[in-house]
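Each chain, written out:
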Amino acid sequence: MTFYIISISLLAFVAIYALMGVWAERKISALIQDRVGPVETGKFGLLQTFADIIKLLQKEDIVPTTADKVLFTLAPVLVFTSVFMGFAVLPFSPAYISSNINIGLFYFMAIISIEVVGILMAGWASNNKYAFLGSIRSIAQIIAYEIPAGIAVLSAVMIYQSLNLQEIAFQQGIYAKSDIYFFGFWKVNTVGGFLSWGVFQAPHLFVAAIIYFIASLAEANRTPFDIPEAESELVAGFHVEYSGFKFGALFLAEYAMMFLTSMVLVILFFGAWYSPLPNIAKVQLAEWTNGTYWGIFWILLKTLLIVVLQIWIRWTLPRFRADQLMNFCWKVLIPVSFACLFISAFWKLIVL
Amino acid sequence: MENKKSTYHSFKGFVKGFTLTWHHMFRRSKTVRTNIQSDKYFEERNDNTSTLRYPHVKLPLPDISRNQLQVDIDDCIVCDLCAKICPVDCIEIDVIKAVGDIGKTSDGTTKRLHAAKFDIDMAKCMFCGLCTIVCPTECIIMTDEYDVSLDNVAAMNYHFSTMTKEEAEENRIKLAAFEEEKRIAKATALKAAEEKKGGENV
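Each protein sequence line maps, in turn, to chains G and C. Here our numbering is used: position 296 in the first sequence is 296, and no number is missing along the way. Quick note, our numbering runs 1000 ahead of the 1-based positions in the second sequence.
Keep in mind the hints are simulated off the structure, nothing from the lab. Certain hints may be false.
Unchecked claim - Each computed DSBU-like pair below joins lysine-lysine, with the alpha-carbon atoms no more than 35 Å apart: (1) C/LYS1182 - C/LYS1117; (2) G/LYS331 - C/LYS1005; (3) C/LYS1104 - C/LYS1165; (4) C/LYS1040 - C/LYS1030; (5) C/LYS1016 - G/LYS331; (6) C/LYS1197 - C/LYS1174; (7) G/LYS331 - C/LYS1012; (8) C/LYS1117 - C/LYS1084; (9) G/LYS55 - C/LYS1030; (10) C/LYS1196 - C/LYS1182; (11) G/LYS59 - G/LYS69; (12) C/LYS1058 - C/LYS1040; (13) C/LYS1111 - C/LYS1174; (14) C/LYS1104 - C/LYS1117; (15) C/LYS1186 - C/LYS1111; (16) G/LYS55 - G/LYS69; (17) C/LYS1016 - G/LYS43; (18) G/LYS348 - G/LYS187; (19) C/LYS1186 - C/LYS1197; (20) C/LYS1174 - C/LYS1196; (21) G/LYS331 - G/LYS129; (22) C/LYS1124 - G/LYS55; (23) G/LYS43 - C/LYS1058; (24) C/LYS1030 - C/LYS1012; (25) G/LYS55 - C/LYS1058; (26) C/LYS1040 - C/LYS1016; (27) G/LYS59 - C/LYS1058; (28) G/LYS43 - C/LYS1030; (29) G/LYS187 - G/LYS282; (30) C/LYS1111 - C/LYS1191; (31) C/LYS1117 - C/LYS1174; (32) C/LYS1124 - G/LYS59; (33) C/LYS1197 - C/LYS1182.
Whole structure, please, built from the sequences with the hints as guidance.
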């Protein structure tokens, strides 16, 4: 019974988040480009995306005649399911995690990779050259960028010595059981706050966080790495033939993916559900602002800030060319992430 | 060396771009329309919101703009000039002669004809504006209304005549009676004249 309650509430959360995410994307893009964005439907146009989704669900569900009907129908299901299953191992607060397993991070990396299969299925089954080009690009990109993402994550895991996301979260604040040090010299177990976050436990983790963030942009097919969906070249990329509910599912998966990768970034590097406020002598801010409900608040706040950052990046930077994308991944990100991995190893051996 | 320089330049470009978009994101600006002949045109376009929130705010129309047609039927003398000049025949007028003068238009012209039907089919209209030029009493004009969307094509055929069917029928009967009377009078007059003529001859 709890399983159903948790999964349905997560699904509802993801759906509402995706709607608000689309609204935020449209509003921010409008403000950046000196437009006004949605304004007519509801206060500040907040109900615009609800109207859009109602329209989308009423649309005819078209399956092209030459498409592979089984794969075409299965692809959005696979894409959304793989992204949604990633939510299973994410801790929302000290007391709340759907599945507290000791290989959480490994499971996360593995289940997210299945999205690629769904994208290939969508592109192949559409029997459309744009869709196929989009899915090929997507696969090349996601497989390439999973390496720096994985290694950046690994360098964090070497510092925390655990793959359990809840345990990683616990090690970044006042509830930590082991000793934690600010940049390796100042014990901050009782101080907490932002001083004990992952990025401040070892300086190179900040680089690892940036690498993971860049790779997560590529994995979520966001600008500047949106060549799989490049509107100006490929119409809409791998989902060009999709309409109605199936398109809605693919869109939902895309926004859920944004949230998921941002949340993992927060959990690994930016203190998970810990408050950013430290204890200062008698003013025990960290003690007062941590707990089950505070945890949910802080992690959602941090994650949504990262999502806003992703949106901001999308409307600032132009798209990479495919060869620039691969150059950047193989010649810059992978060597730097390996350097982070080595520094992590030595850090664990020498400093701590 | 070359590489280092380009890395530095792209980083500088990133920072510049993010500063620019950040600045735009939190700026409260309003829509301003400057005349293109103004020296400040491009500056003001860059500093303000591009969106015109259409149904609430409209751009002023030029005086010569051609939009929806409107007929002030009280001023119409039913001369039929508009229907004749219309290149697409979208104006249909049904004329009934009046028995006497039926009044004056606002510019003092005497009205002698009834318009039983005065229909303009805006679906056919090509907005050339010729009808407004030929109208002697300026009763057919173009309004500044251009945003018209209807879900039925038949609704685009505007009826401007205020005369009901009964009134038209009544007027027709009146006209027929009058003409009959006139014909009889004429015939009697003719007969009388002929008789007079005959009498002289005989």
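A quick look at each hint next to the structure:
no.	hint	result
1	C/LYS1182 - C/LYS1117	26 Å, holds
2	G/LYS331 - C/LYS1005	17 Å, holds
3	C/LYS1104 - C/LYS1165	23 Å, holds
4	C/LYS1040 - C/LYS1030	16 Å, holds
5	C/LYS1016 - G/LYS331	25 Å, holds
6	C/LYS1197 - C/LYS1174	34 Å, holds
7	G/LYS331 - C/LYS1012	21 Å, holds
8	C/LYS1117 - C/LYS1084	15 Å, holds
9	G/LYS55 - C/LYS1030	31 Å, holds
10	C/LYS1196 - C/LYS1182	21 Å, holds
11	G/LYS59 - G/LYS69	18 Å, holds
12	C/LYS1058 - C/LYS1040	22 Å, holds
13	C/LYS1111 - C/LYS1174	17 Å, holds
14	C/LYS1104 - C/LYS1117	19 Å, holds
15	C/LYS1186 - C/LYS1111	25 Å, holds
16	G/LYS55 - G/LYS69	24 Å, holds
17	C/LYS1016 - G/LYS43	33 Å, holds
18	G/LYS348 - G/LYS187	15 Å, holds
19	C/LYS1186 - C/LYS1197	16 Å, holds
20	C/LYS1174 - C/LYS1196	32 Å, holds
21	G/LYS331 - G/LYS129	30 Å, holds
22	C/LYS1124 - G/LYS55	33 Å, holds
23	G/LYS43 - C/LYS1058	22 Å, holds
24	C/LYS1030 - C/LYS1012	30 Å, holds
25	G/LYS55 - C/LYS1058	29 Å, holds
26	C/LYS1040 - C/LYS1016	25 Å, holds
27	G/LYS59 - C/LYS1058	33 Å, holds
28	G/LYS43 - C/LYS1030	19 Å, holds
29	G/LYS187 - G/LYS282	18 Å, holds
30	C/LYS1111 - C/LYS1191	33 Å, holds
31	C/LYS1117 - C/LYS1174	18 Å, holds
32	C/LYS1124 - G/LYS59	33 Å, holds
33	C/LYS1197 - C/LYS1182	22 Å, holds
The earlier numbered hints are all upheld by this structure, with none contradicted.
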